[in-house]
Structure formats: C-alpha cells, structure tokens
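Sequence lines, in order, name chains Z and E. Take the first sequence: its letter number 56 is residue 56 in the working numbering, and every next letter is one higher. Take the second sequence: its letter number 139 is residue 139 in the working numbering, and every next letter is one higher.
Bear in mind the hints are in silico, worked out from the structure with no lab data behind them. These numbers come from a predicted model, not from an experiment. Worth double-checking, as some hints may not be accurate.
What the hints assert, rightly or not - Stretch-level coverage of chain E by chain Z, calculated; a stretch enters the list once three of its residues show a Cβ under 8 Å from a Cβ in chain Z:
1. 36-49
2. 119-128
3. 178-184
4. 224-238
5. 268-277
Said to hold, decoys possible - Facing chain E, a subset of chain Z residues (Cβ under 10 Å, in silico):
6. Thr20
7. Gly47
8. Leu64
9. Thr68
10. Leu72
11. His130
12. Val134
13. Pro151
Quick reminder that beta carbons are idealized off the backbone N, C-alpha and C, glycines included.
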Amino acid sequence: MMRRVRLGLVILVAVVLETTLLTHFDVLDAAPGLCLLCVVAVAYEDGAESGALFGFAIGLVLDLFLITPIGLSALSFALTGYAVGAFQAGIVRATPWMYPVLGGLGGLFGGLVFIVVGGIVGQDELLSMHGVQVVVVGALWDALLAPAVIPLVRRIARRPDHAGAWRIRR
Amino acid sequence: VVVYQPDHRRRRVVLVMLVLTALALISFDERGSSAIDQARSTAADVIQPVRDLSSSVFNPVTDWLDGLGRASELQSENDRLRRELAQAKTDAAAGAAARAQLKELLALFDLPQVEDYDGVVADVTGQSTGFDRTFSIDKGTDDGIAKDMPVVVGGALVGKVYRVTSTGAVVQRIDDRQFGVGAQLLDKDQLGPVGTASGQLDSRNLVFAIIEGAAGVAMKKGEIAITNGGEKSTYPRGLPIGTVARNVTAGGSVARNAELQPIVDLDSLDVVKVLRYQAPVAP
Numbered sequence: 001m002m003r004r005v006r007l008g009l010v011i012l013v014a015v016v017l018e019t020t021l022l023t024h025f026d027v028l029d030a031a032p033g034l035c036l037l038c039v040v041a042v043a044y045e046d047g048a049e050s051g052a053l054f055g056f057a058i059g060l061v062l063d064l065f066l067i068t069p070i071g072l073s074a075l076s077f078a079l080t081g082y083a084v085g086a087f088q089a090g091i092v093r094a095t096p097w098m099y100p101v102l103g104g105l106g107g108l109f110g111g112l113v114f115i116v117v118g119g120i121v122g123q124d125e126l127l128s129m130h131g132v133q134v135v136v137v138g139a140l141w142d143a144l145l146a147p148a149v150i151p152l153v154r155r156i157a158r159r160p161d162h163a164g165a166w167r168i169r170r
Numbered sequence: 001v002v003v004y005q006p007d008h009r010r011r012r013v014v015l016v017m018l019v020l021t022a023l024a025l026i027s028f029d030e031r032g033s034s035a036i037d038q039a040r041s042t043a044a045d046v047i048q049p050v051r052d053l054s055s056s057v058f059n060p061v062t063d064w065l066d067g068l069g070r071a072s073e074l075q076s077e078n079d080r081l082r083r084e085l086a087q088a089k090t091d092a093a094a095g096a097a098a099r100a101q102l103k104e105l106l107a108l109f110d111l112p113q114v115e116d117y118d119g120v121v122a123d124v125t126g127q128s129t130g131f132d133r134t135f136s137i138d139k140g141t142d143d144g145i146a147k148d149m150p151v152v153v154g155g156a157l158v159g160k161v162y163r164v165t166s167t168g169a170v171v172q173r174i175d176d177r178q179f180g181v182g183a184q185l186l187d188k189d190q191l192g193p194v195g196t197a198s199g200q201l202d203s204r205n206l207v208f209a210i211i212e213g214a215a216g217v218a219m220k221k222g223e224i225a226i227t228n229g230g231e232k233s234t235y236p237r238g239l240p241i242g243t244v245a246r247n248v249t250a251g252g253s254v255a256r257n258a259e260l261q262p263i264v265d266l267d268s269l270d271v272v273k274v275l276r277y278q279a280p281v282a283p
C-alpha cells in the first residue's frame, strides 16, 4: 500500500516538474522527459508488468496537460515500460553505464512509438524529420539525466521484501 | 524449493489490455467524447493547484537563470526596443487620426472592437514543449473563461483557449502546428491580401497563405497580419498576429507563402489576457 502511495507521489511530482520547471530547458524543441525516465526506472526495478502499468498511469496523467489525444503518451509509456522490463530480465549484473544507456534507449523508443502511433491516429505532422529530431534530442536529455533520476526512483519503487522478477515457493 | 519466473502470459495479457484501453481512449478523444472531457477536467482540477504552486516557486528561479544566460542578448534587445519605442511613439501620433477614423467606420458598420470585450488577466503556470506548443493559465470557467476564447498580450494574439477546467485552462499557442486563423495583411495605409495564418511543427514562425488576390501580390517585410474576423470566426477582427519576416512576391496565379514572426515572444509569457469574445451570431 505504502509503495503505491509513493509511486503516486512520483507521478504527481514528475508530471508537475515536466510541465513547469523542465520546459525551460528545451533545446531544439525537446525538453527532458522526466516521466519517461521514471517509467524506465520502475520497469528496471520491478519488471515488465509493473513498468507497463506505471507507464500507462503516468502517461495518462501527462496526457491531461497535452493537446495530443488522451492515451497517446499512456500507450507509448506503457510499451516502453514493458520493453525495458523485458530487457532487464536478461541482465545479470548492472553496470554504472547502464543508466544513461537505458535512459537514452528508453527515450528513443518511447518517442518513436509516440510519433508513429500519433501519425497513425491522425497527427500526421508528427511523422516528419523535425519529429525525429525532437525524439533524438529528447533521448539525449534522458541519457544525461538518467544517472540521477533512475537510481532515486528505483529506490522509491523497491518492494519491501525486495521480491523482484523471481519468486520462490516452498 | 521451486524457483520460477513470473507469469509471462499474464504480463502479456496486461500489456494487451493497456494497449487496447489506450487505443480506445485515443479513438474516443479524437471523435470528441464529453465523458473524457469531463474526466480530463476533473483530474486537471485536482492537479492544477499543485502546478500553480510549483510555477510560483520555479518561475522566478528560471527567469533569473534565463536572464543570466541571455545577458548580452538582453542588452542588445533593450537597445533595439528603445529604438522601436521611439519609432512607435512617432507612429502612434501619426496613426491617431487613422485609428479614430477606423473606430468611426467600425461603429458605422456596427462591427465589434477589441475594447468591447472584457478580459480576464491570468498568470502563465507552465509551458509545454516538444510536439505541442501550449501553455497553462491559472484561470478557468470559474472566471468566465470558455473554450476557443482568444488570448492576447498587449492586444496581440498569442493563442486560443484549447481546453478549460473550473480553475485553469490550456492555451494553444499561435505557432502550434494545429493552429490556424483567418488573417489579412495590413500595409501602412491600405488593406492587403486575405489568407490564413497557421503554425508549423518545425518553426516558431507562422505561415501566411493567400487565399484570394494572389496574382502579382507583394508582401513586404514588416507588414502586419491581423485576424480577419467574420461571422463564423472565434476571433474578433483586428488582433495583430505577426509581421512578415521577409519580402515575398507572388507571381502569376500561384501565390507564395509568407512567414509571419509572432509579435510577442511566445516562449517568455508570464501574464496574458483572455478576451471574453463570442463570435457574432449570423442573422
């Protein structure tokens, strides 16, 4: 229960920061994607299912403040959470450079899903060179911030019993 | 002891359910669902106070940081603005008679004027970047704001109310890729061609596309584009939108588009005014 409250607060803080403070740091129309980094962190910590559910929830809240159709961020974040969670299941040992790589790849994957699905559902201007540029620069931002954000959110998302991807039954 | 991996089938089912739910939401929203609008409005109302609080904390800090990074740019901008102010004072004196004449004409034809609409002053609480160019304000339906109302700064159009809740609203900027408005160019002493001004994804400037009078039209740098108004328009006539960024000559029957530079710096908005304008009802 307490973990859910903590993750709820992460959603609130990340959405507020992404739509207020971080918009001042835009470079070539791209600002840091704090919400997506939180999705990557939760998925890395707790696996594909949690990553997808958390991604859907935080994406849905973020969608409230965007004018793209509601559900677009939720969909791209849920798929990103699932992909990162599935990827982390194959990692034996985490290394320090893992966080920027995960942040960058997560940002790239999430951004590409966003513009492709957006293009399919009628936001066809998103499927352009400028759209790709925004995604790439945003992914670089995510890679830069990942070493600070991912460990912090992983700690918040950790289960009390630390039961991760594997369970033991006697 | 049996050690086993989590249920892969279950997590795939969860993902499929989430994807289907998201696609359904996107589909409903694209068609325009009042239930989604209501849910969006309620949820936004819950979060809005937190955003307002955080923006009041962060805005002075970010303004200060922006100022540090742009010190030399601000100095030259200050010099340029002083020169423009001097020129504007001269123009204002020269234009006073013309404005009085215009006002008389508008009254004669019983056309609405910007001064006729009361406005709601609102603080900008957040900007969005990336694919949407919008900003949030701290006033909503409780203050009489409604969807599609024009938003101005110093009389110049900066956007329109895209979505509104009881305590806040999201404003679509004029340079957003989905923004469009009927416009007319205004030379110093005459009305120019009529067209549409619309935002672009890959530029901060708007595109002005002529829809009539294309042959042999020249659009000179510095000409002002104003809202064209009209019976079905959600904007009153005469709101400045932007200035032509460079000279354009439209030859033959094919018009070339002009780029409009917004009059107001849309990235540095702090306070805006929402005009409580309602489009005139056709008789």
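Hint-by-hint comparison with the structure:
1. 36-49: holds (count 5)
2. 119-128: holds (count 4)
3. 178-184: violated (count 1)
4. 224-238: With 0 residues close enough to chain Z, the hint is violated.
5. 268-277: violated (count 0)
6. Thr20: Nearest chain E Cβ about 4 Å off; hint holds.
7. Gly47: The hint holds - Gly47/Z has a Cβ within 10 Å of chain E, the shortest such distance being about 6 Å.
8. Leu64: 5 Å, holds
9. Thr68: 6 Å, holds
10. Leu72: It holds, given that the least Cβ distance between Leu72/Z and chain E is near 6 Å, below 10 Å.
11. His130: 4 Å, holds
12. Val134: Holds. Min distance 6 Å.
13. Pro151: With a minimum Cβ separation of about 23 Å from chain E (threshold 10 Å), the hint on Pro151/Z is violated.
Consistency note: the structure conflicts with the earlier hints numbered 3, 4, 5, 13.
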